[in-house]
Amino acid sequence: MVKSRNRWRSQESPIHNMEQINKHPYIFDRRRHSHPWESSLRKLQSDHHPENTALAQNWRMDHRVSEHREDELSISDVFPSPENPTTDFSRAIRDYFQTRLCIPAGTDGSTAPTYTIEANRHNRIAREQISPNQPLVHMVSLNAVLPRILHDFDTQDALHRLTGEYPPEPEDLTIAHVETIAGTLQARGEDAIREFAGLLSDQLGPTEPHWWAAFAFELDDYLLDDDWTEAAQVLGLGHLRQGQWLIGWHYSPELAGPLYRPTVAEVGLNGHHFPSPPGENLGITMPLEATLPAVKEVVHAPLKGDISVETCMGRLGRIAQPLITTHTKRQTEWLALRREKHAAHLHEHYEQKAVGNWLTRHGLNR
Amino acid sequence: MNPVELAYQRVRLDLEAMLQQHDADRLRSMLRGEGLPAIDPDSEPAEQIIQALEIPPFNANLARRLAHMTAPLVDEQSQAMQQQLAKPAASEDISYWQNSRFLFNLFLLAAALPREESLFDALNSFFEQGHKATGLADQGGRAALQLRRALCNQQTDDRLHDYWLDRLNDHTAKWNSERRTELMDAWRGLLWLSQPSSDNGFDPLNRGLLALHHTVAEQPQGFALLRHALYRLEQAFPTSVGSRGLIQLIRPYWESWPQLLKETASNLWPGLEPKPLAAMPALPPELNQVWQALKQEQQRILLGFVATTDAPGGKRYIEQKLSFDLPKLGLSPQETMRRLFDLEQRLWAPEATEKPKALEPDPADWERGDADFAPRISVDRGAALEALSHALVAIEQRLARGDEAKARRFLTDLIEQQRLQPQPDISLHLAKTLSKAAGIVQEYGYLDWAEQLLREATVANPNDKVAASGLADVLKARGELVAAEAQYRDNIVRWPNNEVAANGLADVLQARGSW
Numbered sequence: 005m006v007k008s009r010n011r012w013r014s015q016e017s018p019i020h021n022m023e024q025i026n027k028h029p030y031i032f033d034r035r036r037h038s039h040p041w042e043s044s045l046r047k048l049q050s051d052h053h054p055e056n057t058a059l060a061q062n063w064r065m066d067h068r069v070s071e072h073r074e075d076e077l078s079i080s081d082v083f084p085s086p087e088n089p090t091t092d093f094s095r096a097i098r099d100y101f102q103t104r105l106c107i108p109a110g111t112d113g114s115t116a117p118t119y120t121i122e123a124n125r126h127n128r129i130a131r132e133q134i135s136p137n138q139p140l141v142h143m144v145s146l147n148a149v150l151p152r153i154l155h156d157f158d159t160q161d162a163l164h165r166l167t168g169e170y171p172p173e174p175e176d177l178t179i180a181h182v183e184t185i186a187g188t189l190q191a192r193g194e195d196a197i198r199e200f201a202g203l204l205s206d207q208l209g210p211t212e213p214h215w216w217a218a219f220a221f222e223l224d225d226y227l228l229d230d231d232w233t234e235a236a237q238v239l240g241l242g243h244l245r246q247g248q249w250l251i252g253w254h255y256s257p258e259l260a261g262p263l264y265r266p267t268v269a270e271v272g273l274n275g276h277h278f279p280s281p282p283g284e285n286l287g288i289t290m291p292l293e294a295t296l297p298a299v300k301e302v303v304h305a306p307l308k309g310d311i312s313v314e315t316c317m318g319r320l321g322r323i324a325q326p327l328i329t330t331h332t333k334r335q336t337e338w339l340a341l342r343r344e345k346h347a348a349h350l351h352e353h354y355e356q357k358a359v360g361n362w363l364t365r366h367g368l369n370r
Numbered sequence: 009m010n011p012v013e014l015a016y017q018r019v020r021l022d023l024e025a026m027l028q029q030h031d032a033d034r035l036r037s038m039l040r041g042e043g044l045p046a047i048d049p050d051s052e053p054a055e056q057i058i059q060a061l062e063i064p065p066f067n068a069n070l071a072r073r074l075a076h077m078t079a080p081l082v083d084e085q086s087q088a089m090q091q092q093l094a095k096p097a098a099s100e101d102i103s104y105w106q107n108s109r110f111l112f113n114l115f116l117l118a119a120a121l122p123r124e125e126s127l128f129d130a131l132n133s134f135f136e137q138g139h140k141a142t143g144l145a146d147q148g149g150r151a152a153l154q155l156r157r158a159l160c161n162q163q164t165d166d167r168l169h170d171y172w173l174d175r176l177n178d179h180t181a182k183w184n185s186e187r188r189t190e191l192m193d194a195w196r197g198l199l200w201l202s203q204p205s206s207d208n209g210f211d212p213l214n215r216g217l218l219a220l221h222h223t224v225a226e227q228p229q230g231f232a233l234l235r236h237a238l239y240r241l242e243q244a245f246p247t248s249v250g251s252r253g254l255i256q257l258i259r260p261y262w263e264s265w266p267q268l269l270k271e272t273a274s275n276l277w278p279g280l281e282p283k284p285l286a287a288m289p290a291l292p293p294e295l296n297q298v299w300q301a302l303k304q305e306q307q308r309i310l311l312g313f314v315a316t317t318d319a320p321g322g323k324r325y326i327e328q329k330l331s332f333d334l335p336k337l338g339l340s341p342q343e344t345m346r347r348l349f350d351l352e353q354r355l356w357a358p359e360a361t362e363k364p365k366a367l368e369p370d371p372a373d374w375e376r377g378d379a380d381f382a383p384r385i386s387v388d389r390g391a392a393l394e395a396l397s398h399a400l401v402a403i404e405q406r407l408a409r410g411d412e413a414k415a416r417r418f419l420t421d422l423i424e425q426q427r428l429q430p431q432p433d434i435s436l437h438l439a440k441t442l443s444k445a446a447g448i449v450q451e452y453g454y455l456d457w458a459e460q461l462l463r464e465a466t467v468a469n470p471n472d473k474v475a476a477s478g479l480a481d482v483l484k485a486r487g488e489l490v491a492a493e494a495q496y497r498d499n500i501v502r503w504p505n506n507e508v509a510a511n512g513l514a515d516v517l518q519a520r521g522s523w
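Chains as they are written, first to last, in our numbering: chain A, 5 to 370; chain B, 9 to 523.
Treat the hints with care, since some could be wrong.
To be verified - Straight line, CA to CA, 20 Å or less: simulated SDA-like cross-link-like pairs of lysine to any residue: (1) A/K345 x B/R324; (2) B/K336 x B/L295; (3) A/K345 x B/Y325.
What the hints contain is simulated information worked out from the structure, not anything from laboratory work.
Given the sequences, and given the hints that come with them, work out the whole structure.
This is the structure we're talking about:
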């Protein structure tokens with residue numbers, strides 16, 4: 005595992021938030037003289053919590069959110085408006101995620117998740133582009149997802165059948181319980197894990213969030229044994245913690261349906277995301293370690309039912325080591341510096357005016 | 009939800025019911041457009057079905073079941089074609105294509121569905137029947153084109169590998185936009201078939217690229233076509249920022265690629281070009297001391313990263329390996345570490361790392377010509393080819409504007425210049441240029457001019473199959489059937505396996521009433 009290092013000590017401290025906001029009053033990479041969100045977004049950006057600062061910066065810089073999509077966000081009734089300019093922006097992001105993305109889209113005329121609607125069509129990846137032989141990988145944290153399904157008696161019965169023990173109530177679930185469930189599933193083998201994947205899919209039902217997926221070719225080397233720490237680092241899953249268990253799926257893009265380039269609107273409250281540069285055709289992860297590759301990623305509808313069972317990797321992995329290694333910096337500084345370093349990496353590889361200007365506009369081209 | 013979305017929702021419900029009831033008749037009628045909402049007069053029935061399949065929530069099982077149901081429909085068409093072919097040949101008997109709109113929609117749907125073995129079998133069977141009919145692509149129009157795409161997308165095994173390669177290798181096909189589309193489709197066929205990350209998985213793609221190069225290198229728009237093929241490769245198999253994964257896969261093959269292909273690739277992926285070890289930046293005394301203190305094996309590994317411009321790999325090696333096996337400098341570990349990182353900065357400073365990479369070139373730009381493309385072709389041969397390519401494009405542009413006089417003057421100058429080239433095989437190249445020019449002028453209706461150019465080409469190189477074939481075709485097009493027959497017969501004698509000549513002769517004989 006990568007150890008800490010102090011190579012950044014000599015660099016400048018993270019940007020001063022207010023100075024940057026005043027210099028860069030952008031929303032979705034479009035300059036605004038006044039905007040109903042500005043005050044609320046400004047508050048989020050100057051928040052002491054580093055992830056909130058990053059979140060606000062991402063909403064300012066993501067050029068992939070079109071004006072149409074912005075209109076759709078504005079009329080969703082969760083974001084600040086002229087009538088409610090003080091709405092908490094992080095709460096708005098969370099509410100948008102829950103009420104506009106994790107919604108059952110049915111054939112009964114109900115509304116579809118907003119990343120699939122016409123206003124986001126320009127982010128759809130052409131069907132002819134990606135080979136069906138370039139499989140995708142998606143991962144989910146058992147620790148994050150188990151509390152959401154354990155309230156159901158059927159799930160408890162099914163887990164009892166799979167593991168030999170009844171799981172606790174969601175509010176009583178501890179890391180040790182997850183450890184036991186994961187250990188038992190591992191011991192019972194691939195079929196049990198796949199069956200569990202089907203159970204997850206069924207219980208999460210139609211409100212299961214969209215999947216983020218990267219290409220297996222770039223992740224397989226990090227998934228060889230049970231320690232998936234580096235895979236999580238490559239994917240930029242900074243919201244997860246050491247000790248958590250992950251379940252993974254490995255599947256052809258043709259089973260995923262339409263693929264989309266991710267935007268901040270699909271990210272929710274994850275401050276470890278970094279928008280992809282102008283011109284890039286896919287999403288790009290911000291790895292949690294500078295030495296790991298920034299890989300391409302997409303979002304799509306979750307695989308459900310039999311397909312979820314069939315494509316589950318049949319293995320579990322553990323985040324066995326710390327995801328973020330920083331002994332010399334506080335968390336606040338770490339994230340800001342990681343973002344600066346990632347921006348420099350993007351600038352280095354996409355050394356084009358459009359990318360450089362984009363980073364400069366948002367105070368990240370130094 | 010707007011009315012259009014609601015309409016697609018209803019189609020989706022209809023599809024679900026149809027699959028539930030195993031109602032293939034319903035699918036057949038839907039593909040004919042029956043019972044579908046009048047959403048958009050330009051929208052094909054299959055497009056509406058695909059749209060309905062893709063509305064949220066996407067259900068891969070539904071798509072799979074539809075693929076399964078589509079297979080017998082293709083089989084039916086295959087059998088119908090077989091029956092048609094079994095009938096005594098009659099002129100203009102192309103009834104197996106008479107239902108071409110239905111076929112087009114059938115293949116369009118098949119191309120959009122997940123791969124299904126039975127569907128691929130059915131498509132392949134239809135395709136093989138089509139081969140027995142003369143001129144599948146000529147007569148089939150867009151249905152034949154869509155069949156090719158359905159075959160590409162539905163491949164569940166490698167039985168079409170040789171076909172794709174053969175299409176890429178065909179040097180006799182007429183050079184026009186249909187041919188360029190066919191080349192790109194064939195390349196996609198190979199791309200969709202391959203699993204480059206598996207052991208030797210890049211081999212078929214390597215063969216395909218070499219074939220494509222051989223076919224297009226000296227054609228107008230050849231550079232742009234090659235570049236587009238490589239761009240499609242990158243899109244089909246996306247890898248991390250800087251395309252590092254792809255570069256690692258390609259590099260062993262790239263070393264032995266022909267110059268033009270090699271340079272086109274390194275233009276797109278600068279990381280392919282190894283930096284000569286001599287290009288290692290000079291080190292100041294302080295860093296030289298660090299370098300000298302490294303073990304020989306450590307120096308060798310670092311030099312490898314420098315040579316391949318693998319900055320992330322080199323940085324990772326220093327930070328994950330050397331940081332825990334510090335060179336002995338007689339300094340504190342912190343100071344030694346600092347110097348090690350200084351060395352890293354020195355070796356992979358921004359100017360020492362990979363060159364900028366172009367983002368999202370227009371996928372269709374290979375049809376636009378090469379005017380805006382400035383590859384770093386350093387060899388004389390590359391420059392000469394590029395100049396030739398530009399000259400032919402210029403001639404074509406003049407013809408497109410109706411300026412025949414200027415086009416003739418340009419071509420005369422081009423031929424004169426080429427005759428003066430001090431190359432030993434100049435007559436071979438001259439024949440190729442004349443053939444290409446003939447293809448261009450023929451497209452603009454100057455058949456007598458095309459004939460003159462092709463006759464000059466056959467004189468310059470009597471062994472040029474393309475020129476001889478082209479001459480026979482032009483004679484046929486001019487209605488000089490006796491001369492055309494003689495030329496085709498001559499070609500068949502010289503190149504007995506030339507199907508184009510055999511087909512051409514058959515056409516001429518038929519036209520002359522000899523059959």
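Hints broken by the structure, by number, lowest first?
Violated: none.
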